[in-house]
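Following UniProt numbering from start to finish, the sequence shown increments by one per residue and tops out at 347.
Careful: at least some of the hints might be erroneous.
[Unchecked claim] Computed list of lysine-lysine pairs in PhoX-like fashion (alpha-carbon distance at most 25 Å, straight line):
id: 1; residue 1: K186; residue 2: K6
id: 2; residue 1: K341; residue 2: K12
id: 3; residue 1: K228; residue 2: K186
id: 4; residue 1: K42; residue 2: K117
id: 5; residue 1: K186; residue 2: K159
id: 6; residue 1: K81; residue 2: K122
id: 7; residue 1: K43; residue 2: K4
id: 8; residue 1: K150; residue 2: K140
id: 9; residue 1: K336; residue 2: K320
id: 10; residue 1: K12; residue 2: K186
id: 11; residue 1: K142; residue 2: K4
id: 12; residue 1: K186; residue 2: K4
id: 13; residue 1: K68; residue 2: K320
id: 14; residue 1: K68; residue 2: K101
id: 15; residue 1: K280; residue 2: K260
id: 16; residue 1: K280; residue 2: K228
id: 17; residue 1: K139; residue 2: K12
id: 18; residue 1: K159; residue 2: K73
id: 19; residue 1: K43; residue 2: K228
id: 20; residue 1: K42; residue 2: K266
id: 21; residue 1: K186; residue 2: K247
id: 22; residue 1: K266; residue 2: K12
id: 23; residue 1: K186; residue 2: K117
id: 24; residue 1: K73; residue 2: K12
id: 25; residue 1: K142; residue 2: K101
id: 26; residue 1: K122; residue 2: K86
id: 27; residue 1: K73; residue 2: K320
id: 28; residue 1: K139; residue 2: K159
id: 29; residue 1: K101; residue 2: K81
id: 30; residue 1: K159; residue 2: K115
id: 31; residue 1: K247; residue 2: K101
id: 32; residue 1: K42; residue 2: K247
id: 33; residue 1: K115; residue 2: K88
id: 34; residue 1: K101; residue 2: K122
id: 35; residue 1: K247; residue 2: K117
id: 36; residue 1: K228; residue 2: K260
id: 37; residue 1: K122; residue 2: K139
id: 38; residue 1: K150; residue 2: K122
Note that these hints are calculated values from the structure, not bench results. From a predicted model like this one, the values you see are computed outputs, not experimental measurements.
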Amino acid sequence: MIIKEKRTSLIKNLFPSHVPQIWCPPLTHYNENGEIDFNRMKKHIEFLIPYIHSFLIPGSTGDGWELKLSEYKSILEFIHKEFGTKNKINLIIGLLREDPKDRMEFLDHAISFLKEKNIEIKANGSNFGYFKGFVICPKKGKELTQDEIKEDIIELLEKDYPFVLYQLPQVTENELTPELVEYLVKSYYNVYMLKDSSGADRIANSDRDYRSLVILRGAEGNYFEQLKVVGGRYDGFLLSTGNSFPKELYSLVDLINKGKNEQAQKLSERLTNAVNEVFKLAQTIPEGNAFTNSNKLIDHFNAYGEKWRDFPAPRLHSGKRIDDTLLEQTVKILIKYEFLKKEGYMF
Numbered sequence: 001m002i003i004k005e006k007r008t009s010l011i012k013n014l015f016p017s018h019v020p021q022i023w024c025p026p027l028t029h030y031n032e033n034g035e036i037d038f039n040r041m042k043k044h045i046e047f048l049i050p051y052i053h054s055f056l057i058p059g060s061t062g063d064g065w066e067l068k069l070s071e072y073k074s075i076l077e078f079i080h081k082e083f084g085t086k087n088k089i090n091l092i093i094g095l096l097r098e099d100p101k102d103r104m105e106f107l108d109h110a111i112s113f114l115k116e117k118n119i120e121i122k123a124n125g126s127n128f129g130y131f132k133g134f135v136i137c138p139k140k141g142k143e144l145t146q147d148e149i150k151e152d153i154i155e156l157l158e159k160d161y162p163f164v165l166y167q168l169p170q171v172t173e174n175e176l177t178p179e180l181v182e183y184l185v186k187s188y189y190n191v192y193m194l195k196d197s198s199g200a201d202r203i204a205n206s207d208r209d210y211r212s213l214v215i216l217r218g219a220e221g222n223y224f225e226q227l228k229v230v231g232g233r234y235d236g237f238l239l240s241t242g243n244s245f246p247k248e249l250y251s252l253v254d255l256i257n258k259g260k261n262e263q264a265q266k267l268s269e270r271l272t273n274a275v276n277e278v279f280k281l282a283q284t285i286p287e288g289n290a291f292t293n294s295n296k297l298i299d300h301f302n303a304y305g306e307k308w309r310d311f312p313a314p315r316l317h318s319g320k321r322i323d324d325t326l327l328e329q330t331v332k333i334l335i336k337y338e339f340l341k342k343e344g345y346m347f
């Protein structure tokens, strides 16, 4: 069986009906003591699931680059217990480490965890549960050549698990070229999906033959024109703003699929404007990353609604809280674009 056919078969085994068009990397919440707040995370994911049930955990937005191994382990256990056995979710597990040795340590733990739960992990399997693969970035390094990046990635692909490539130059300081992606997908069938958060869209816009590779856009804004159904280059989205606007993004994709382009375009513009304005606020926060921080700002209002002032500002992985003045500015943006909710998901 040729590579393309094997990849198509893998995708069909992983997603018998279709590959979801919307994915999200859920936030990681923290309590007063700096520990992961699993009760808050549970309520937040329950808020997402009616609209988005496919997750990258932990992703960049979920502090995936910062989490300690002990935190990583506890999050996997939490997801399995609360959602893997009870709800129909799709999970791709992030291996977001700058150092390849650390990445391999996280992979080894994830494999042991999945085997312990009797979950299918090999790409040639046929009885997959909620686990849909591992997400990998190139190792960090601005001066890395494409050959060095290829060697790094291939070491993982040889293990024959389902893999998702992640283009994130904002962290890795390098990019997979379209030529390298084409080489990887023609050589390894177990690479079945790619997320590109660069915003440059070089991979999707290239005319290279990616042999049935599913390509998701991770960059925010201008959502309407991105999907293939309206002439774009992407199969779907994997967006940090899924944390903040799950219903709206679901509605947007639904409108596009139904050919209601005028309504979809208007919603896309509202979302783009709101997201961009909150993102600018988040960029003033020195700790963490702007993807996480912008969504924590909006999530505070989704969680508490009109009672948002009665609760402490969101806590970051660093232990610091977001400044209250940024919440005051965020609420004005949400009101301006008619996204402020009266009732919070915490009640």
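Here is how each hint holds up against the structure:
no.: 1; hint: K186 to K6; result: holds (11 Å)
no.: 2; hint: K341 to K12; result: violated (38 Å)
no.: 3; hint: K228 to K186; result: holds (22 Å)
no.: 4; hint: K42 to K117; result: holds (20 Å)
no.: 5; hint: K186 to K159; result: holds (16 Å)
no.: 6; hint: K81 to K122; result: holds (22 Å)
no.: 7; hint: K43 to K4; result: violated (40 Å)
no.: 8; hint: K150 to K140; result: holds (13 Å)
no.: 9; hint: K336 to K320; result: violated (28 Å)
no.: 10; hint: K12 to K186; result: holds (18 Å)
no.: 11; hint: K142 to K4; result: violated (32 Å)
no.: 12; hint: K186 to K4; result: holds (7 Å)
no.: 13; hint: K68 to K320; result: holds (17 Å)
no.: 14; hint: K68 to K101; result: holds (14 Å)
no.: 15; hint: K280 to K260; result: violated (30 Å)
no.: 16; hint: K280 to K228; result: violated (29 Å)
no.: 17; hint: K139 to K12; result: violated (30 Å)
no.: 18; hint: K159 to K73; result: holds (21 Å)
no.: 19; hint: K43 to K228; result: violated (33 Å)
no.: 20; hint: K42 to K266; result: violated (32 Å)
no.: 21; hint: K186 to K247; result: violated (37 Å)
no.: 22; hint: K266 to K12; result: violated (34 Å)
no.: 23; hint: K186 to K117; result: violated (32 Å)
no.: 24; hint: K73 to K12; result: violated (29 Å)
no.: 25; hint: K142 to K101; result: holds (18 Å)
no.: 26; hint: K122 to K86; result: holds (23 Å)
no.: 27; hint: K73 to K320; result: holds (23 Å)
no.: 28; hint: K139 to K159; result: holds (17 Å)
no.: 29; hint: K101 to K81; result: violated (28 Å)
no.: 30; hint: K159 to K115; result: holds (15 Å)
no.: 31; hint: K247 to K101; result: violated (39 Å)
no.: 32; hint: K42 to K247; result: holds (17 Å)
no.: 33; hint: K115 to K88; result: holds (20 Å)
no.: 34; hint: K101 to K122; result: holds (22 Å)
no.: 35; hint: K247 to K117; result: violated (32 Å)
no.: 36; hint: K228 to K260; result: holds (15 Å)
no.: 37; hint: K122 to K139; result: holds (23 Å)
no.: 38; hint: K150 to K122; result: holds (22 Å)
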